[in-house]
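There are 2 protein chains.
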Amino acid sequence: MAGIEHPHSFFYPDTVAVIGASGTPGKVGHTIVSNMVAAGFKGRLIPVNPKGGEILGLPVISEVTALPRNLDLAVVSVRRDLVLPTLEALGELRCKSCIVITAGFKEVGLDGYHLEEQITAICDRAGMALLGPNCLGMINTQAGVNASFAASRPGPGNIAFFSQSGALCVAILDWALGAGIGFSKFISLGNKAVLDEADMLHYLNSDEDTRVILGYLENVEHGEKFLQQARIVSRNKPVIMIKSGTTAAGAKAASSHTGAIAGSDQAYSAAFHQTGVIRVGDVESLFNLAQAFSEQPLPKGPGLTIVTNSGGPGIIAADTTERSRLNMAQLTPETVQKLQELLPSYAAFYNPVDITADADPIRYRKALGIVAEDPMVHSIMVLLTPAGAADIEGTAQAVIDTARKYGKPMFAVFMGKRRVATARKMFRDAGVPCYAFPEPAVKSIEAMYEYALWRRRPELEYPELERDVERAGEVIETAIRRGENEIVEFQAQEVLKAYGLPTPQTSLARSSKEAVEIAEDIGYPVALKIASPQISHKTDVKGVKVNLRNADEVARNFKDITARAQRMRPDAYIAGCLVQEMAPADSREVIIGFKRDDQFGPLLMFGLGGIYVEILKDIAFRLAPLSRADARGIISEIKSYMLLKGLQGDKPVCFETLEQIILAMSRFAQDFPNVLEAEFNPVLVNNDRAVVADVRMTLDPKTMG
Amino acid sequence: MAGIEHPHSFFYPDTVAVIGASGTPGKVGHTIVSNMVAAGFKGRLIPVNPKGGEILGLPVISEVTALPRNLDLAVVSVRRDLVLPTLEALGELRCKSCIVITAGFKEVGLDGYHLEEQITAICDRAGMALLGPNCLGMINTQAGVNASFAASRPGPGNIAFFSQSGALCVAILDWALGAGIGFSKFISLGNKAVLDEADMLHYLNSDEDTRVILGYLENVEHGEKFLQQARIVSRNKPVIMIKSGTTAAGAKAASSHTGAIAGSDQAYSAAFHQTGVIRVGDVESLFNLAQAFSEQPLPKGPGLTIVTNSGGPGIIAADTTERSRLNMAQLTPETVQKLQELLPSYAAFYNPVDITADADPIRYRKALGIVAEDPMVHSIMVLLTPAGAADIEGTAQAVIDTARKYGKPMFAVFMGKRRVATARKMFRDAGVPCYAFPEPAVKSIEAMYEYALWRRRPELEYPELERDVERAGEVIETAIRRGENEIVEFQAQEVLKAYGLPTPQTSLARSSKEAVEIAEDIGYPVALKIASPQISHKTDVKGVKVNLRNADEVARNFKDITARAQRMRPDAYIAGCLVQEMAPADSREVIIGFKRDDQFGPLLMFGLGGIYVEILKDIAFRLAPLSRADARGIISEIKSYMLLKGLQGDKPVCFETLEQIILAMSRFAQDFPNVLEAEFNPVLVNNDRAVVADVRMTLDPKTMG
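As they're listed, the protein sequences go chains H and F. The first sequence begins at 1 in this note's numbering and counts up one residue at a time. The second sequence begins at 1 in this note's numbering and counts up one residue at a time.
Check the hints yourself; a few may be wrong.
Stated by the list, open to error - List time: in silico EDC-like cross-link candidates among lysine to aspartate or glutamate, alpha-carbon distance up to 16 Å:
{"#": "1", "chain 1": "H", "residue 1": "K617", "chain 2": "F", "residue 2": "D618"}
{"#": "2", "chain 1": "F", "residue 1": "K639", "chain 2": "H", "residue 2": "E614"}
{"#": "3", "chain 1": "H", "residue 1": "K639", "chain 2": "F", "residue 2": "D282"}
{"#": "4", "chain 1": "H", "residue 1": "K513", "chain 2": "H", "residue 2": "E477"}
{"#": "5", "chain 1": "F", "residue 1": "K27", "chain 2": "H", "residue 2": "D358"}
{"#": "6", "chain 1": "F", "residue 1": "K645", "chain 2": "H", "residue 2": "E107"}
{"#": "7", "chain 1": "H", "residue 1": "K639", "chain 2": "F", "residue 2": "D358"}
{"#": "8", "chain 1": "F", "residue 1": "K443", "chain 2": "H", "residue 2": "D282"}
{"#": "9", "chain 1": "F", "residue 1": "K443", "chain 2": "H", "residue 2": "E284"}
{"#": "10", "chain 1": "H", "residue 1": "K27", "chain 2": "F", "residue 2": "D358"}
{"#": "11", "chain 1": "H", "residue 1": "K443", "chain 2": "F", "residue 2": "D618"}
{"#": "12", "chain 1": "F", "residue 1": "K639", "chain 2": "H", "residue 2": "E520"}
{"#": "13", "chain 1": "H", "residue 1": "K645", "chain 2": "F", "residue 2": "D282"}
{"#": "14", "chain 1": "F", "residue 1": "K417", "chain 2": "H", "residue 2": "D552"}
Think of the hints as simulated: they come from the structure by calculation, not from any bench. These figures come from a predicted structure and were not determined experimentally.
Required output: the full structure, derived from the provided sequences and hints.
Given below as structure tokens:
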């Protein structure tokens, strides 16, 4: 798969050809040329059209083959049936990269799908990067490149944006122009035949003009590549994404709880969560966050202070803060004392600091300075209500100066629209985010704080696990050879043992006498389970009895179970009964499972057994491989975590063993790609130990003979 | 308490006096006069100032006493110490209503609080309505009345707005002007010394100029009055509110789960929910909803159809719809066929209907007409991406015409900002809501659909309950006389019986022999509980044994329990043990409680016992009195409701009995205002019956001798 081998040629080309250029204004092939010219492109721009002549004063070349060799970038906007020959010709010219605007490929059905496969193949052979097909193009505001047919032209900025939807590109360009937001790079990904979101992340990571990366995705093309890039990039700069697109995952048959619950959206959420990508639900949030991240430093802690000239909006802001992961900073006594010296007696000296309706810019400036010096304050929101006497622009200047002087994250909420328009422009020019109401400001600061936490977390540790892959592999291979699509019971136990997982003590008893002997050995109470290769659903023949407390009960039930099974299934060979130890005393049931996601591979699930998973959907997810911190996180994120920590003096369960089991599941899922789903259900855990009491695994039918 | 006895005089005054009028521009007393003049007030406007002279050409009266009798409205903006004498004088003139702009009352502390009490008293005596004090004033755009010192002047509209925060009034006026939103009435409530939100709801209900009522509240003044008005009004027109203000309710000591969990915010949520008031979290949502409600008819069902000229935004809209209570309408085969005849082959004929990027206004108009005629379609969202060739204004006209022709709820999402600005103005003038992105549109339609459901629901039924109030009253009176602050056990059982509630069969046994006799009578298994007036926490002396299965166990444990209790508490009189029937077989534990909210009275709580309430906070709330539908609702709203309905073939619990118990709790809470909190915990319920196994009640210390 060709990536951007020459990213500089793609984003900063010296020579650009527009193939399918047109002299007729309004046509796509004309708009691309005029956009390049209007963007002030300094390199060589070559329109290509069989008719020849001139377009916007530029001499037209009539044949692709007449283009210079080693061309940096070709923008292709020709009839669909001409796309493949054009790309072949470009490949022969050793053209470094191209953008295919033309539509009619994967998005129109099977026919287009096959054409697009050929596009990919041509580029692979020629080592040529390709954006599209079916896209709007690419804009690099810093290099005078507007290789798109967009009707709106964005200004420069430090935000990069890529989108899988060309229509959203159009809408956002128009909206951003109105809102005064500029871009460093603006990329319409189209069908992603070659270049995809992971390539963009990779490039934008080292792009000095880009401080924040925004993306709109409907799917991720290559899960592993995406995870790898996203993890690296979001350590360096914030990546904020919208992921949309409902999937028909629910339609697939599922053989376990994990299978039924873990859908594609959970996999995406886990992918974003584990790589530090910030996911938002709508376009406005995307840009609210983008502005905050692009303009202000990250808060060093959760403490927010509100400085306001009015009570009501201050309360709204404080309410929203309390509902977020931020908190209202507790000001130090020194700060409160300084505020008391500064402000009138009827002001509020605690957070929110209400400097009252008659506050002028001098009072704002002084109060902000006092607050900014307080070590408990990690970020500041300045609220202004445009009351009749307020000096709005003067106050804006005071806020801007304070932000510069102290370097603490500063956010303006200048309420209203008309009267604060000039101030809002001042803020935009000075790089202080300004909002019309408190809520989006709080959400932006919260996202920045969470991102700061993510950046600070230690490097992840992926512990090695001792295991016998060969022994487990034999079990699985044997099942596949036999055409089985599930592994249960004895065979599954074998796999658990190979991964060093604790299983309940179990032995086969061939007679009631032997059953009693084994039971005495294990210790009462025990369970009996019918053992017959022909009987897979034991409960159908009432083949399970639990909690047997003495020799008498064991002997009697052994006879009952085996006799009944033989009566009900005369065809079956009855080997006897399994005698099994009962659950650890006072144990909790948990479920640990995984399902293989099409894009991202094994998605692990953790939850408490029974209604917690089934009814309350109280489940956490992680993609494999899990780090030790992930194993801890997947346990502590469920709401019923308190039950595992122990209520009212109960002892906590042994978390370390649980984590080990989760890490083993993660390892197993990676070791055996031909296992589609697996579930330990239940895992019984108490303060002392844990056992995997039951397990089932589903094999990939594709791997079968 | 004086309400608006002459609402017409207040909102549509013929004669208005401005007391504290000033000739100096910029002063509040000048702004009010100039606002009245600028609003085009047609009646008699009388400035009052001791200096006399003229203000804006109007002759000034120097004394309040010289004002005409039966004045409609006086706007008071004088020094704080002059407010009371001014109101006295106005009262004597039989002035019908007034607005006190002056601040410095309840909001500044105890001193101001007492002054404000006198304001209320004066108005009560004089039968004078009063808005404020400490407010911005009132604006009635339809009557040329701007009795405020607002710097921005709103245009006319059919949205009424009242706010407890004057600063928010200022901000919203400025913002609404910028957004082109007008108002019918605009009211700053201030401290609500006389007129409050309930009065406003009452008046605005019959105000023909108002189609939607918006409110910002920090608290509700009189809970019952508010509930009564809100219930009536929201049957007639939508009421949309922001309620902010964090309360210190958590600080109060709580003697039950209900007490610990049921805070003031739950009471407000229940109040809004039960009266059909639509609660939103932020100012932008308030106005997004207001525009939708003020301009479009209510959807008759959940089916939304999206007509779009681009794929990506269509997917975003469909995603958001699927996450809401709306659904993507399934178009009829006839509709799909008509669309297939109309649209190019590469269009999408199912919902979202993608009429493709080259759609012109004619195609939009035809497609919208086809969709609007489909009976499965209850509302329509029209998406437009401003691609280069799009005829944006022409499409806007097509949408507007279709909305008018078919009368189905229609919402435009014209993505972007600059290029769609003219279209957005066309929509505003035509009364079709238009949004920049799909998400707020979906949220608005969802709120309208939910409101439509609320309006359609049948009248509530409040069943009568047979009960012996006297018998229960005696128990409670006796406890109060004795200075007890809790009612437990025997006495509480007495109350349960008076309300016809099922309790476990219980008798006092004075000897082990008697205990066995009683147990044989009840039937095994039984529980034993120490019976001593001095021992309230039975478990402290290990005074409870459950699940005793035979005569031997009962006799032995009777002796153990009584002996241990006597040993551990030599001071206590040991009456013997209570012998009690055990829980119904296979029963679930639920908790039914109430806590008296300061504003709204008894707030009932329902949840499953144990971790469901304590850890998972899976609880539903209702304010008393509960209707039969409320009793059903409080049960079915909890997430663990499925457990009560029965999992995997389990039978459902007897819901009717549960509802009866809840209704009895509601009735009891209303019958005895001196009971602060009560909790039935647990109530044990199976398919067949329910028993209230334990109960405790907390008495109001204020009612004690």
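Problem - K513/H paired with E477/H [C-alpha distance capped at 16 Å] - result: violated (36 Å)
Problem - Hint consistency between K639/F and E520/H [alpha-carbon to alpha-carbon, up to 16 Å] - result: violated (44 Å)
Problem - Pair hint K443/F and D282/H, alpha-carbon separation not exceeding 16 Å - result: holds (12 Å)
Exercise for the section: Compare the distance between the alpha carbons of K645/H and D282/F with 16 Å, and conclude whether the hinted pair is satisfied. Expected result: This hinted pair is violated, its Cα atoms lying about 37 Å apart.
Practice task
For the pair supplied as a hint, K443/F and E284/H, confirm whether the alpha-carbon distance does not exceed 16 Å.
Solution key: It holds: about 14 Å lies between the C-alpha atoms, which stays within 16 Å.
Problem - Restraint check for K417/F with D552/H, where alpha carbons must lie at most 16 Å apart - result: violated (82 Å)
Exercise for the section: Compare the distance between the alpha carbons of K639/H and D282/F with 16 Å, and conclude whether the hinted pair is satisfied. Expected result: Violated, because 27 Å separates the two Cα atoms, which is more than 16 Å.
Handout entry: K639/H paired with D358/F [C-alpha distance capped at 16 Å]
Key = Not satisfied, since the Cα-Cα distance of roughly 50 Å exceeds 16 Å.
Problem - Straight-line alpha-carbon gap K645/F to E107/H, limit 16 Å - result: violated (46 Å)
Exercise for the section: Below or equal to 16 Å on CA atoms is what counts here, so check K617/H against D618/F. Expected result: It holds: about 13 Å lies between the C-alpha atoms, which stays within 16 Å.
Practice task
Mind checking the alpha carbons of K27/H and D358/F for me, to see if they're no more than 16 Å apart?
Solution key: holds (13 Å)
Problem - Holds or violated: K443/H to D618/F, with C-alpha atoms at most 16 Å apart - result: The hint is violated at about 26 Å.
Taken one by one, the earlier hints fail for this structure at numbers 3, 4, 6, 7, 11, 12, 13, 14, listed in ascending order.
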